[in-house]
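We have chain A; now place chain B onto it with these hints.
Chain by chain, the residues run as shown.
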Amino acid sequence: MSSVIYERLRRNPKFDELVQKRGRFAWTLAAIVLIIFYGFFMLIAFNPKMLGQPIAEGSMWAIGYTAELVMFVFFWLLTLLYVRRANGEFDDLTAQIIKEAQKETK
Amino acid sequence: MIKRLTTALALLAFSGMAAAAGPALQGEIQTQPTNWHAIIMFMIFVTMTMGITYWAAGRTKSTADFYTAGGGITGFQNGLAIAGDYMSAATLLGLTAMTFSRGYDAYIYMMAFFAGWPIILFLMAERLRNLGRFTFSDITSYRLDPSVRTMAALSSLVVVVFYLIAQMVGAGQLIKLLFGLEYNVAIFAVGVLMMVYVTVGGMVATTWVQIIKACLLLFGGTLVLILGFSQFGFSLTTLLEKAQAVHKQGTSLMAPGSLLSDPVTALSLGLGLMFGTAGLPHILMRLLHRRQRQGSPQVGALRVRFRRFLLQRHLPHGPGCHPAGRSEPRVLRGR
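Chains A and B supply the protein sequences, listed in that same order. Take the first sequence: its letter number 24 is residue 24 in the working numbering, and every next letter is one higher. Take any residue in the second sequence, note its place counting from 1, add 1000, and you have its number in the working numbering.
Bound conformation, chain A alone:
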């Protein structure tokens, strides 16, 4: 019985839309994180001296610390962005698809 419903879910064009939208969104965010993260690691590997420089003359803040602080905040914001969309748009769409599949049974 449930396989009939699954079949119906898959035939719904909204299902394709959900999969595509969510996949693209998640992979974009993941790519941003990966590029920044490994870019930073390459900096550590090839130019560690630069990270030790202070951000301004006479300041105690080194470039490396500042960069990591910004990364922490930025990754956290990306997470927030994802959660917002997953709990709002994607969950609504999922609920709609399920509702439509159940309606056809009756």
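Keep in mind the hints are simulated off the structure, nothing from the lab. One thing to keep in mind: the hints can contain errors.
Here are the simulated DSSO-like cross-link-like pairs (lysine-lysine), alpha carbons at most 30 Å apart as the crow flies [claimed, not checked]:
1. A:99 / A:14
2. A:103 / A:14
3. A:49 / A:103
4. A:99 / A:49
5. A:49 / B:1213
6. B:1248 / A:49
Beta-carbon label-pair distances, calculated as ranges [claimed, not checked]:
7. A:5 / B:1223: 22 to 32 Å
8. A:89 / B:1041: 46 to 56 Å
9. A:57 / B:1166: 39 to 49 Å
Just so you know, even glycine gets a beta-carbon here, dropped at the ideal spot from N, CA and C.
Structure of chain B alone, referenced to chain A:
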């Protein structure tokens, strides 16, 4: 029941391995005189968590209860539990100590641990949750050939064994230091406690124990941070200046040191730390808490927030230990 006994026996064998791994570290830490304050505090927490385990054992009736707490855990609770799972001895003791001795290098580690979380959330969390299975092997065999189960089980075990040994050595050393117990006795005490929590209480108990642990760590860590920071008039500049003045590495504390001397090492560390986080079985299985409307995505935000909170604290912690350590002979003794 027999299954649980087998698990218990296996865990006992692991604690034996940890006992074997311990002596390597033994030379550095002297057994302390019995510390009654610490023992009483520890006993209070053990009694409290045992109480929770007993309560949870009464609630655990089905397989779903045992593995995923029957889906009765809210997103917020699960987030705290994941944070507790991840803020382990390695994070608390290891990273603080590393910041203390190596400066900026430890901060690179923190960044790498942290960067694993968004990746888990974006690419894995929702898929794991939606399947509504119990274990990691269930998931791999759902998509792939069922024989992949063996492989998944083996890889999970390998990861867990190494992880567990490190944690148990850490816990054993800590108890030895606090209680003045023999290392072997300490290790077995920790091993027995762990087994009771997991085999009797299942996921409900471990989740609650982790939630409490997370709250204690967040509270204690923040308190130590504020107290430590107050020594420097809440000025980061003063703190960093003093740390550089007394540390033998001096100004090079602020730059990456010898740890990542060549690109291959750097890349390999980055890969290992980031995707290692994404592969920890005990973290992944928390994402399996069953299909709940407002479950996992929320959890993602929470745990990342908590992680960041903890990790950020290490930055002032480490250097903070430093000048304070010099002026306080008791801390100095540890070196």
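Each hint tested on the structure:
The straight-line distance between the Cα atoms of residue 99 of chain A and residue 14 of chain A is roughly 12 Å, inside the 30 Å bound, and the hint therefore holds. The suggested pairing of residue 103 of chain A with residue 14 of chain A holds, with an alpha-carbon distance near 15 Å, which does not exceed 30 Å. Distance hint between residue 49 of chain A and residue 103 of chain A is unfulfilled; the C-alpha atoms sit about 64 Å from each other, more than 30 Å. With a C-alpha separation of about 59 Å, the suggested pairing of residue 99 of chain A with residue 49 of chain A is violated against the 30 Å cut-off.
Distance check on the hinted pair: residue 49 of chain A and residue 1213 of chain B sit about 39 Å apart at the alpha-carbon level, beyond 30 Å; violated. For the proposed pair residue 1248 of chain B and residue 49 of chain A, the alpha carbon gap of about 18 Å is at most 30 Å, so the pair holds. Roughly 53 Å separates the CB atoms of residue 5 of chain A and residue 1223 of chain B, a value that falls outside the hinted 22 to 32 Å. Taken as a hint, the range 46 to 56 Å holds for the pair residue 89 of chain A and residue 1041 of chain B, whose Cβ atoms sit roughly 48 Å apart.
About 44 Å separates the C-beta atoms of residue 57 of chain A and residue 1166 of chain B, a value consistent with the hinted range of 39 to 49 Å.
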